[in-house]
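Just so you know, the protein sequences line up as chains A and B, in that order. Just so we're aligned, residue 1 is where the first sequence starts under this note's numbering, counting upward by one. Just so we're aligned, residue 225 is where the second sequence starts under this note's numbering, counting upward by one.
Don't read these hints as lab results, they were simulated from the structure. Where hints are given, some of them may not hold.
As the list claims (entries may be wrong) - Restricting the straight-line Cα-Cα distance to at most 25 Å, the calculated cross-link-like pairs of lysine to any residue (SDA-like) are:
(1) Lys-390/B x Arg-330/B
(2) Lys-349/B x Phe-181/A
(3) Lys-349/B x Glu-380/B
(4) Lys-349/B x Val-269/B
(5) Lys-349/B x Tyr-442/B
(6) Lys-349/B x Ala-183/A
(7) Lys-390/B x Gly-123/A
(8) Lys-274/B x Lys-349/B
(9) Lys-390/B x Arg-369/B
(10) Lys-390/B x Gly-215/A
(11) Lys-274/B x Leu-246/B
(12) Lys-390/B x Met-366/B
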Amino acid sequence: MCGIAAVWYADPAGGPLGADLSRMLGRLAHRGHDGSGVGLASPEGLVEVHKTAEGPAELAAEHALETRTGSHGVGHVRMATETAVDAARAHPFTAPGHPEVCVVHNGHVTNAEQLRFALERRGVHFSTDNDSEVIAAYIDAGLSDGHPLEDILRRSIDELDGTFSYVVMTPEALGVARDRFAAKSLMVAETDDWTAICSEGRGLPGTGWRRREVGAGEVRTWRR
Amino acid sequence: MATVTERDIDCADLSTREINTLLRGLADGDQVRLTNLDARHNIAVGLHGKVQITIDGDAGYYVAGLCDGPDVVVTGHAGNGAAENLQSGSLTVAGDVGAGLAATMRGGRAVVAGSTGARAGVLMKGGDVLVGGSVGAFSCFMMQRGRMVICGDAGEHLGDSLYEGKIYVGGEIASLGADAQAAPATAEEEAELRAHCEAHGITPPPSFTAVTSMRTLYSFDAGAWKSGD
Numbered sequence: 001m002c003g004i005a006a007v008w009y010a011d012p013a014g015g016p017l018g019a020d021l022s023r024m025l026g027r028l029a030h031r032g033h034d035g036s037g038v039g040l041a042s043p044e045g046l047v048e049v050h051k052t053a054e055g056p057a058e059l060a061a062e063h064a065l066e067t068r069t070g071s072h073g074v075g076h077v078r079m080a081t082e083t084a085v086d087a088a089r090a091h092p093f094t095a096p097g098h099p100e101v102c103v104v105h106n107g108h109v110t111n112a113e114q115l116r117f118a119l120e121r122r123g124v125h126f127s128t129d130n131d132s133e134v135i136a137a138y139i140d141a142g143l144s145d146g147h148p149l150e151d152i153l154r155r156s157i158d159e160l161d162g163t164f165s166y167v168v169m170t171p172e173a174l175g176v177a178r179d180r181f182a183a184k185s186l187m188v189a190e191t192d193d194w195t196a197i198c199s200e201g202r203g204l205p206g207t208g209w210r211r212r213e214v215g216a217g218e219v220r221t222w223r224r
Numbered sequence: 225m226a227t228v229t230e231r232d233i234d235c236a237d238l239s240t241r242e243i244n245t246l247l248r249g250l251a252d253g254d255q256v257r258l259t260n261l262d263a264r265h266n267i268a269v270g271l272h273g274k275v276q277i278t279i280d281g282d283a284g285y286y287v288a289g290l291c292d293g294p295d296v297v298v299t300g301h302a303g304n305g306a307a308e309n310l311q312s313g314s315l316t317v318a319g320d321v322g323a324g325l326a327a328t329m330r331g332g333r334a335v336v337a338g339s340t341g342a343r344a345g346v347l348m349k350g351g352d353v354l355v356g357g358s359v360g361a362f363s364c365f366m367m368q369r370g371r372m373v374i375c376g377d378a379g380e381h382l383g384d385s386l387y388e389g390k391i392y393v394g395g396e397i398a399s400l401g402a403d404a405q406a407a408p409a410t411a412e413e414e415a416e417l418r419a420h421c422e423a424h425g426i427t428p429p430p431s432f433t434a435v436t437s438m439r440t441l442y443s444f445d446a447g448a449w450k451s452g453d
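So that you can see chain A by itself, here it is in the shape it has in the complex (with noise of 0.2 Å):
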């Protein structure tokens, strides 16, 4: 199953961004128990990367998360299907070589195997055998190809084969992709002040303002 969170902050100087993820991972958490993470992105554009094998509470104890800000960012909560329970397997999945873009992904890419070996023919590295890992090298490919991240992530539905919600960082931007079956859920809320991305609704933060499911083959993106 796996859970999947993200915020983005409409003010460039962010907000309670640790805080804000690790309420909605808490709320997720039902969703998978073999590991959680969050990728926090700062207005300065820098992107750290935090995960474990334990679930959402223990990571937001371990990386005091209550007290970080930041403007924007992801969080998963995992479910192992394929590979092996551990902080290396957990999300997100930062690209081999390129730590500042990093995915959170739902679902199984069933054409992975064949993504990774084009990839390590352009000299990718890859550090763990998980399927995620391969959507984030997929994705640093064609932004260090010079393709604008929305291009990417629309071509990705054509091209990641299999069932997959997920969401990307850089340190300007966000984006989303769900598969043409929309197999795995995903939800957007908006308001002026904030976006927030969540597998359920029960995740995202407070009420009174419009949802929606994220479309079969839809993708969006936030950028600076």
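Given chain A, work out where chain B should sit, using these hints.
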């Protein structure tokens, strides 16, 4: 003389099993309001009898699924699989719902004031669904009976491989599925649909498109099958 219970159930300190056990103990005519549910999944599932359940706020996955009789109202949003395999009774949602609304529904009514995710009404075998907003991709896939009224737009592949049943769309249809055909609703249908929407507090669109099966994908001779040949 039968006793009718009207009460609030504060769910904050109750497990999902405890909440559903309380709901199963209700008698016909009982009315309850669930508060502090916190959008939990699998609430009010598999219930029988004419009870009225109001969920104050959001509900999670499968709310009112597999029910036979209850009238369930959600004042907020609901998650995936709302009213899935509903036999009779109703689900009314003030906000939006996730994917798979009323999948395999056999009877009863589901009314959603907002919009739904993908696969609304797949494999419907009866019942009546009214959506005030839009529905996602693959809605009404392999629908067999019943009615789906969509006041807003429909996503891609609407009514793919539907056998029978009827779909009405007030907005744009992104694409029709295999064997689905669209035509303007008749004047009688328009009048009935407008009244239907208004009866449920939903503003009807100016007009509806009716989507039905072309029946070119039928793979067996229903007449022969019935006669045992």
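These are the hints, each one checked on the structure:
Straight-line distance between C-alpha atoms of Lys-390/B and Arg-330/B comes to about 14 Å, which keeps the hinted pair within the 25 Å bound. At most 25 Å may separate the alpha-carbon atoms for a hinted pair to count; Lys-349/B and Phe-181/A meet this at roughly 22 Å. Between Lys-349/B and Glu-380/B, the direct Cα distance comes to roughly 21 Å. Compliance with the 25 Å bound is thereby established for this hinted pair. The hinted pair formed by Lys-349/B and Val-269/B meets the criterion: a straight-line CA distance of about 19 Å does not exceed 25 Å.
Annotation: proposed proximity of Lys-349/B to Tyr-442/B holds, straight-line Cα distance about 16 Å (limit 25 Å). For a cut-off of 25 Å, the pair hint linking Lys-349/B to Ala-183/A stands: about 22 Å separates their Cα positions. Under the criterion of a C-alpha separation no larger than 25 Å, the hint pairing Lys-390/B with Gly-123/A is inconsistent with the structure, at around 55 Å. For the hint pairing Lys-274/B with Lys-349/B, the CA-to-CA distance comes to about 22 Å; that is within 25 Å, so the pair holds.
With a C-alpha separation of about 7 Å, the suggested pair Lys-390/B and Arg-369/B falls inside the 25 Å cut-off, and the hint holds. Under the criterion of a C-alpha separation no larger than 25 Å, the hint pairing Lys-390/B with Gly-215/A is consistent with the structure, at around 24 Å. Taking the CA atoms of Lys-274/B and Leu-246/B, the gap is near 15 Å; set against the 25 Å cutoff, the hint holds. In summary, the hint linking Lys-390/B to Met-366/B is supported, as the alpha carbons are separated by about 12 Å, within the 25 Å threshold.
When the structure is compared with the earlier hints, a violation turns up for hint 7 alone.
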